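Novice: As a plain string of letters, each chain reads:
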Amino acid sequence: MDFTLPEEIEEKRKKVREFALKEFTEERKRYFDENEKYPFEIRKLAYELGIINFSNPWDLLVSIEELCRVDPGLGISSFVYAFGSEILMLFGSDEQKKKYLEPVQRGEKIMGFAVTEPVAGSDVAGIASKMEKQPDGSYILNGSKMFITNGSIADYVLVLARTAPPPSEEKRHHNMSMAIVEMKWPGVSANKLKGKMGVRATDTAELVFENVRIPPENIIGEIGKGFYYVMTFFNITRIYVAAMSIGIAQGALDMIVEKAKKDKKFSSQESIQFTIAEMATRVDAARLLTYRAASLLFQFNPDPVFTSMAKYFAAETATYAAETALKVTGLDGAITSLERLFRDSKIMEIWEGSSEIEKLVIYRMFMKKMGVE
Amino acid sequence: MDFTLPEEIEEKRKKVREFALKEFTEERKRYFDENEKYPFEIRKLAYELGIINFSNPWDLLVSIEELCRVDPGLGISSFVYAFGSEILMLFGSDEQKKKYLEPVQRGEKIMGFAVTEPVAGSDVAGIASKMEKQPDGSYILNGSKMFITNGSIADYVLVLARTAPPPSEEKRHHNMSMAIVEMKWPGVSANKLKGKMGVRATDTAELVFENVRIPPENIIGEIGKGFYYVMTFFNITRIYVAAMSIGIAQGALDMIVEKAKKDKKFSSQESIQFTIAEMATRVDAARLLTYRAASLLFQFNPDPVFTSMAKYFAAETATYAAETALKVTGLDGAITSLERLFRDSKIMEIWEGSSEIEKLVIYRMFMKKMGVE
Amino acid sequence: MDEEHRVLESVVGEFASKELEPINKQIELEGIPKELKKRLSSQGFLGALAPYDLGGASLDRLGYSILLKQLASASPSVAFYVFLENSFVIKSILLKNEVREKIGLISGGEISGTFYYSHLLNFLEPGEIKKIDSKLTGKLNAVINSEANLFIVPADDGKFYLVESGFHPLDEHEKLGFRGLRFSPVKFDTSIKDAIEIPLNVDELIDDTHLPISAIAIGIAQGALNKAIEYAKERSAFLHKLKDFQPLAFGMAQAYSQLDILNEYLINIAQGERDIKKELMLKIISIDFARDVSKLALQVHGGYGYLMDFGIEKYYRDAMFLSILGGNHLDEKMKLSTLIFQEKAGWI
Amino acid sequence: MDEEHRVLESVVGEFASKELEPINKQIELEGIPKELKKRLSSQGFLGALAPYDLGGASLDRLGYSILLKQLASASPSVAFYVFLENSFVIKSILLKNEVREKIGLISGGEISGTFYYSHLLNFLEPGEIKKIDSKLTGKLNAVINSEANLFIVPADDGKFYLVESGFHPLDEHEKLGFRGLRFSPVKFDTSIKDAIEIPLNVDELIDDTHLPISAIAIGIAQGALNKAIEYAKERSAFLHKLKDFQPLAFGMAQAYSQLDILNEYLINIAQGERDIKKELMLKIISIDFARDVSKLALQVHGGYGYLMDFGIEKYYRDAMFLSILGGNHLDEKMKLSTLIFQEKAGWI
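Residue numbers (our numbering), protein chains in the order written: chain A, 3 to 375; chain B, 3 to 375; chain C, 4 to 351; chain D, 4 to 351.
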């Protein structure tokens with residue numbers, strides 16, 4: 003057993019922390035939050051300074067953690083421009099990778115991942131969007147997507163839609179497929195969602211597809227395997243959401259520790275001391291669960307039980323930590339970044355499978371391990 | 003990062019589990035619990051079959067876990083006969099090791115560790131027992147000790163007592179020393195405590211020392227360093243209590259999973275599914291915290307923050323798991339071993355520093371890491 | 004609360020501290036002594052719900068709640084015993100005029116009865132009594148107060164029978180809580196001639212237990228918390244009284260607040276119109292609360308809390324057992340969900 | 004609860020759903036509209052605690068609690084505004100006969116006032132107003148309703164002053180909750196001639212807020228939970244309504260039960276004798292409860308809950324802000340501990 007990260011990863015962690023502390027100024031944090039603007043400049047800077055490194059997964063993981071620790075809105079915006087890229091890496095054709103993935107990896111283009119629909123949040127198999135095959139081999143897409151990250155700024159999005167009706171109620175997840183859709187194509191429109199509680203620097207939109215023609219070469223992988231691709235993707239991204247969550251929780255802990263350092267009256271209260279001890283313990287537990295899941299994933303041996311445990315526990319730790327830190331620091335916290343951290347944290351329990359979904363995954367996969375079908 | 007234990011340790015884990023399942027029969031569990039008897043035969047068997055191996059700490063850790071998973075009372079009794087031995091290993095003289103430690107390690111003698119007093123539970127520095135130096139170099143011990151594991155069956159106990167008054171209120175922990183006291187010496191008496199809520203197969207006693215003469219060669223290490231020795235010891239044993247706690251929590255989880263396997267109506271309830279998912283997650287988090295702390299200790303680099311985090315979190319997980327499993331299995335759990343597991347679990351939050359003490363240690367040492375004195 | 008109930012509260016409170024507290028250990032180890040049953044009887048507690056002419060006290064819902072709460076604060080075993088005799092046995096027997104006079108024996112402490120409802124508690128193998136020819140034969144598991152003289156038990160014909168002979172209790176089960184009562188399987192081999200059918204509606208009987216069970220839960224919480232508060236005022240650690248430390252003091256203050264809030268709700272609904280929804284809500288909340296508070300009280304006592312002699316650990320065990328014997332949580336949560344959503348809910 | 008208060012409850016409930024719900028988003032984005040203040044005034048809500056002759060409704064403790072609870076269930080911002088005007092501003096002004104007529108302007112919605120008490124909330128740099136020569140000068144941070152026409156503020160001589168000129172609010176702080184009210188630092192440079200000393204006892208004033216703050220907390224919980232219950236009946240996932248799933252249904256059923264229990268306690272103590280201990284207990288419990296329930300309600304709504312348009316996330320933010328503005332938890336927990344242990348407790 004070895005609970006330490008390689009030295010170069012810890013070095014990178016320091017570098018990212020320095021970057022975040024320097025670039026995520028109080029003014030910027032507040033500006034992009036209040037104005038609900040995506041920080042293109044910061045994203046560019048992060049790319050250029052090599053903060054975001056998609057080629058080393060541990061590097062990416064600790065970078066996500068450290069960026070979100072200082073500001074989730076700006077932090078997530080710094081790396082989320084490639085959202086969905088794992089799908090292309092794993093299931094895309096060489097042409098798709100060249101045409102769509104590489105420009106994203108070079109920091110030139112922005113991508114999105116469009117699965118959730120207004121009528122089907124966590125219930126991916128319940129989506130209603132359709133892609134109908136045309137005589138010329140192309141597909142016509144109709145439907146709408148909800149809560150799509152990068153929705154109004156993306157150059158293209160990966161869309162999940164039905165290519166045939168479900169064979170039965172139990173097999174609702176069959177006959178779904180994925181395609182790359184360019185946002186500039188006719189029939190595609192995006193409606194930016196304003197008024198999110200938190201992570202307001204990130205872009206979120208509702209997408210509408212009206213008779214959008216998709217050339218056959220934009221279909222990802224095999225027709226009918228879309229649901230499987232999405233679940234594979236979630237097994238990766240859940241770990242990143244867990245990392246964001248740890249970042250938020252650590253950020254909240256940082257703030258209460260900072261106050262304890264400065265304010266002797268505050269830190270002399272035993273109830274405050276216990277709060278710090280409890281919070282530090284939970285943050286560490288969440289981090290260990292996340293690193294364990296990540297360690298398996300990065301060895302190409304992901305364990306869905308461990309992944310969902312990490313995501314669920316880390317997300318709840320994020321809201322718990324932000325809430326608790328704000329509660330004990332009071333007004334002092336309410337007029338600082340802690341207030342934002344609190345608003346940002348709640349989405350962690352919803353993204354990439356709500357806590358409820360994670361628990362179902364844990365239960366089913368855990369019982370499978372125990373020999374139950 | 004590597005979250006796997008060496009193969010031989012996992013093999014040993016299996017072996018210990020087989021042993022426990024075979025030897026800790028329902029009849030024995032119940033008999034020793036009801037009659038509050040120490041199971042000398044089982045202890046002997048565990049020793050002879052090589053279940054207990056003090057020479058490999060990982061081996062010992064997983065053995066503790068697996069024994070307590072099946073029955074904490076019998077499990078703890080199987081290895082606790084050497085309680086306190088780390089003190090002699092670390093601070094004892096060669097003569098002391100030969101005379102007192104080796105017979106224990108050979109499974110012939112039983113040892114105890116006598117720190118807690120009626121007036122001072124968690125507050126070690128508050129003890130009142132005294133050892134007064136005599137003109138001939140020997141010491142006279144007076145005082146009483148409470149909740150001493152093995153108290154009425156031990157051949158000798160390691161006693162902490164004041165050898166001089168505290169220099170000041172802040173330095174109450176100064177001027178304490180440790181000595182080996184043989185239970186057969188004049189003036190030593192033990193009063194077995196009956197009616198414990200759980201772990202009733204383990205032996206617990208109140209000890210009284212009336213003018214007990216201790217030869218100078220039985221003083222451990224340096225005079226005045228007793229408090230430090232005890233704290234060093236706790237940094238080790240807290241990890242073992244954490245391991246017991248994980249064992250209990252896992253045992254509780256096992257039982258609810260068993261019921262879910264057998265009873266379809268039970269397992270089809272989503273609230274039960276969530277309970278299993280939540281419990282499995284917490285048990286894993288506790289295990290990871292414990293293994294991390296252990297990993298550092300076993301590299302002779304213990305981290306008191308990580309150790310206390312593990313102990314506190316694992317102990318609370320044990321009571322949470324036993325309580326929850328019993329709650330959801332109802333009468334079915336109440337007339338099986340789960341009932342005992344529930345009664346056994348609660349002591350975990352008290353032994354080797356209550357949860358409250360662990361939190362104080364975490365806070366203080368954590369803030370030290372953060373640069374606060 | 005009116006004067007009459009206030010007096011009852013203080014009378015039972017005094018009884019609990021003078022007559023139960025001193026023999027608590029004996030009750031736990033040896034069961035409820037015969038003399039105590041006599042004392043309970045002479046106070047009218049044993050026949051709390053029985054009519055005056057049968058030696059009862061004919062208490063109303065509030066009075067009965069107060070009685071159980073106060074008894075439970077000192078001895079949850081005794082409270083559960085009184086509850087079992089009244090809410091199940093006496094109430095059942097009252098449904099059958101022919102055997103009405105047995106109530107006098109129960110409220111007089113001459114005999115004790117029990118009612119078998121473990122089969123309602125999601126219990127895997129509750130056992131069964133078969134009606135074959137002229138006999139009631141079989142074995143029931145997990146019978147509380149299994150040393151009773153009188154059993155009201157279900158047979159496989161769906162009816163409940165009162166039997167007074169032809170049974171014997173087997174070896175005891177593990178005993179999580181209510182150790183004052185025997186808890187074991189019971190074998191039956193009773194002539195049908197000696198069995199009297201009781202025309203009871205078991206669902207109604209169970210619905211009527213929400214309030215008394217809540218009262219026991221609140222009593223357990225009250226007893227455990229009071230002891231913890233007293234202990235925290237006496238016991239020192241690190242040169243200060245335990246009560247001076249925020250985490251302990253705040254935890255107990257929080258529990259004290261919740262207790263008062265639940266207690267007022269108990270009194271409100273016990274004196275108001277019957278409202279099964281409110282009674283069920285209170286039961287579900289107060290059972291969990293009793294467990295949490297008694298656990299806290301144990302922790303405040305440190306190592307001593309773990310010893311029977313201190314009379315604390317029993318609250319935690321009894322609260323846990325009450326949460327099991329007090330009703331099938333899952334089914335009842337479904338029922339409550341349906342009441343709240345006003346349509347079927349919580350069934351997946 | 005008597006008929007009069009029942010009527011009030013339904014009147015305010017209707018007001019909340021008809022007059023607040025539809026403009027909730029506007030309130031959050033742009034503040035409480037002038038017209039709404041007029042409407043609040045014409046109902047007598049703005050001058051809830053003011054005497055009739057000054058345009059008030061002269062509500063008793065129960066009436067005031069009901070008012071705040073019902074307003075908070077739709078708009079916590081509006082409830083907090085009404086609370087601030089009454090429990091702080093009007094109550095303070097009533098202490099000084101010479102300025103009594105200003106109450107008419109407040110209860111009439113002509114002007115609004117605020118009271119500065121952030122310095123009591125363990126706030127690191129609350130700012131300070133110094134009395135130097137003939138001026139009150141300085142800056143106060145974290146002033147809620149900082150666009151008020153009238154301020155009651157403490158100066159460094161330990162006295163509170165009412166001022167109506169010589170101040171201007173600075174840029175707004177981050178706005179965690181109660182977005183209908185401006186929240187910012189305020190600069191003061193007021194001539195002492197225009198400042199009127201108010202002889203108030205700030206501890207008493209704060210003690211009087213436990214009950215109204217509890218009412219707001221309970222209202223927040225009620226508003227959030229009702230929306231969640233309705234949503235769970237409408238929204239489907241995995242081919243079933245959300246209400247059908249046990250974890251969600253049971254969670255909401257539990258919250259519903261606790262809400263009812265707290266609500267009855269609120270009503271009990273609001274109509275009973277003043278009991279500061281009970282009021283403090285209720286406040287501490289209900290503030291935490293409001294946060295937990297509003298968080299649950301948000302979670303039930305999934306992604307939609309995170310969007311302002313659905314009117315759910317504000318409850319969670321407002322509950323959090325209420326827990327901060329509602330009192331200094333640590334100090335108050337110490338106070339409560341001392342009341343419960345009947346000697347100094349919880350101070351380490």
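In short, the hints are calculated from the structure, not lab data.
Among the hints, erroneous ones may be present.
Residues of chain D clear of chain A, computed beta-carbon distances all greater than 12 Å [what the hints assert, rightly or not]:
#1 Lys28
#2 Lys99
#3 Glu175
#4 Leu251
Each computed DSSO-like pair below joins lysine-lysine, with the alpha-carbon atoms no more than 27 Å apart [as the list claims (entries may be wrong)]:
#5 C:Lys244 <-> A:Lys267
#6 B:Lys266 <-> B:Lys227
#7 C:Lys244 <-> B:Lys329
#8 B:Lys329 <-> A:Lys173
#9 A:Lys196 <-> D:Lys178
#10 D:Lys178 <-> C:Lys244
What you are looking at is a predicted structure, and each value in this text was computed from that prediction instead of being measured.
Note that CB positions come from ideal geometry on N, CA and C, so glycine has one too.
Novice: Run every hint past the structure and note whether it holds.
Specialist: Outcome of the hint check:
no.	hint	result
1	Lys28	violated, 8 Å
2	Lys99	holds, 28 Å
3	Glu175	violated, 9 Å
4	Leu251	violated, 7 Å
5	C:Lys244 <-> A:Lys267	holds, 21 Å
6	B:Lys266 <-> B:Lys227	violated, 59 Å
7	C:Lys244 <-> B:Lys329	violated, 34 Å
8	B:Lys329 <-> A:Lys173	violated, 35 Å
9	A:Lys196 <-> D:Lys178	holds, 17 Å
10	D:Lys178 <-> C:Lys244	violated, 42 Å
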